[in-house]
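*Asks:* Chains as they are written, first to last, in the UniProt record's numbering: chain A, 1 to 253; chain B, 1 to 286; chain C, 1 to 123.
It should be emphasised that the hints constitute simulated quantities derived from the structure, not laboratory data.
Treat the hints loosely; a few may be bogus.
[What the hints assert, rightly or not] 30 Å max Cα-Cα, derived DSBU-like pairs, lysine-lysine:
no., chain 1, residue 1, chain 2, residue 2
1, A, LYS67, B, LYS128
2, A, LYS67, B, LYS283
3, A, LYS67, B, LYS12
4, B, LYS125, B, LYS91
5, A, LYS81, A, LYS67
6, A, LYS67, B, LYS93
7, C, LYS118, C, LYS87
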Amino acid sequence: MLKTSWRYHWRRLFLESIIYTLGFMALSLSIDLITRVTPLNFNLFDADAAKTAILIVYWLELIVLTKEDTIFLLQSGLSRKHNWSLQWLSTLLSAILLGSLMAGFLQLTAVGQAKIQAFTRLLGAYQSNFNQSWQFSGYLFLIAVILIWLSLLPGFIIGLLITKMNRMLAFTLVYGSVIVLIILITSSVSFTYFRVSAVAQANILAFLYGLIGYSPAGMQAWPLVVSLLIFALILSGISYLIARNLQVKVPKS
Amino acid sequence: MSELIVKHIQKKYRRHQVLKNISFTLEPEKIYGLLGRNGVGKSTLLRIINNRTFADSGEVILDGQSVVDNEAVQRRFYLMSDADFYPSGMKAKQAFQWLSQLYGTFDWTYSEHLVAAFGLDVNQKIAKLSTGYLTIFKLIVALCLPVEFIFLDEPVLGLDANNRELFYSELLSTYEDRPRTFVIVTHLIEEIAHLIEHVLIIDEGVVTKDCDVTLLMNQAHVISGPQTAVRDFTQGLRVLARKHLGEIEMAYVLGELPRDTRTSTVSIQQMSLQELFVYLTDKVGE
Amino acid sequence: MHFDFSSAEPIYQQVADQIEEAIFAGAFVEGTQIPSTTEISREFKINPATVLKGMNILVEQQLIEKRRGLGMFVMSGAQNKIIAKRKASFYEDYVKSLIIESKKLGLSRSDLQGLIEKGYRHE
């Protein structure tokens, strides 16, 4: 039953990812074409915004799909436990699938090349602010953790709620994880601070100042971190509401 | 051939205690009628058994195992209800195929027969079916899946008289070919009165009647005649309700009648299951 | 066959009565098969257990018998048995109620006898 459920869910997910990637490609290519062929510059028609819109729609579609399939499979006798792991892993896998499909596409096009180069330059600029490469790796790791966590959040919360977990407990777990993440960051930073040279300590201090917006020179990382955190809070709030609504709807007709 | 045991189920919705203490046992290969007034929690009970919602306390047991979140047990159940749980773009045919894979098998021969008999268009999207055909689609699923317990919550919703008749005879025919346990929840009591073997009545959160229909109906009579004669006859009997038409009285009696009823001047008729249900659950007189 | 779902008789008794009536009338000939539980159940939407209960009454009275894997058959001598049974209960079933009714109507014994004579003449 679990195997069939995977097959059923992934047939739909895969189709969905392909359709959205194709849509993404078509939109990118046509915008490129219009910009090149016509003398007009479509400032109104912001290419990046359009592509972002596609991604947002994909995510919404993913939520609807997850909801539909969760209910369908639950109705067909799949246990909540299996349903949860299925949806949770699928959310992550489909994010990776879509990401790699789009990255693959970008790699192939000139526009994409330019974008990747720009991104590499941006990374380089960030890297130059760290005087040791492991610090930069740590920073990248942190950002990656936050991004993965963000991707998993909806599936995670839905899972918690449909597996008969006390609502308060689910709420605490979700928002608790935000606090745990902050504690994790703080402790790793202080752990590092007391073990490195004076120059590195000065760097870390500068980095921490940077986080709260104070920066005599160099990069300002705080807008990124803060906006990610705010985004996470909003997203988890929304998915909590959706999941709660869903739990009410699964049992009730 | 296993029994499904429902023990002390309680369920509260916000402040309202819907199910107070529900206990009964479903025996294998019987057709049950689960009756109760609106809002009494019949659907909630079926959803608890089918793992769609949770009981606050109590348990539902099959073969010594709890049915909660138990895949092995749940695949032996099917709940057909008015709640629409099919993905929006799915066609009837696709649903049959996926359900067949999820449950292991599907009775394709019988489904073909039912599709033809009811005239269902299997290439139609489920979301686009009319109320009647949606019900027909769900009934076909319920009758063709390889499950031992079939719970039908309002199985004739939106069906016309012809299709209801067709459904009842198909139900009996599939029941004879492959006996399973059916639990039917319906408000059209008269239509299923002779279809069911056993009746369960839920009232105010508990099971108030749990018995064989024939035995129950053998004890349910309407005594009518001149008021004094009826009063005389019903002395010491449990009278659920009395109706009057001038000097004529009709008494709805539940219980054994005196042995010799021939000499009496009153007329004795069988009460219908619906009348019995109405008088047992009527709150007006209290 | 027709069932009166609001009659004072329970349905299983009606099943037995109807089959008995058919045997009595010669519709179900001795030695032949009668409709199966399934057929009656499907046709009249009656639970098979109820139908079976009715049939068992007739089996007990040795009017029909079950042949393994084949179904129910009318036993030989069933019709005579029914006639004998009905003769025996004719007084209880008809004569007694006839007299009760005629008393209610104020008909005398000779009135009743006259009516019976009249009935025979018009036969």
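*Asks:* Now, for every hint given, state plainly whether the structure supports it.
*Replies:* How the hints compare with the structure:
{"no.": "1", "hint": "A:LYS67 / B:LYS128", "result": "20 Å, holds"}
{"no.": "2", "hint": "A:LYS67 / B:LYS283", "result": "41 Å, violated"}
{"no.": "3", "hint": "A:LYS67 / B:LYS12", "result": "25 Å, holds"}
{"no.": "4", "hint": "B:LYS125 / B:LYS91", "result": "4 Å, holds"}
{"no.": "5", "hint": "A:LYS81 / A:LYS67", "result": "15 Å, holds"}
{"no.": "6", "hint": "A:LYS67 / B:LYS93", "result": "22 Å, holds"}
{"no.": "7", "hint": "C:LYS118 / C:LYS87", "result": "22 Å, holds"}
Of the hints listed earlier, the one the structure fails to meet is number 2.
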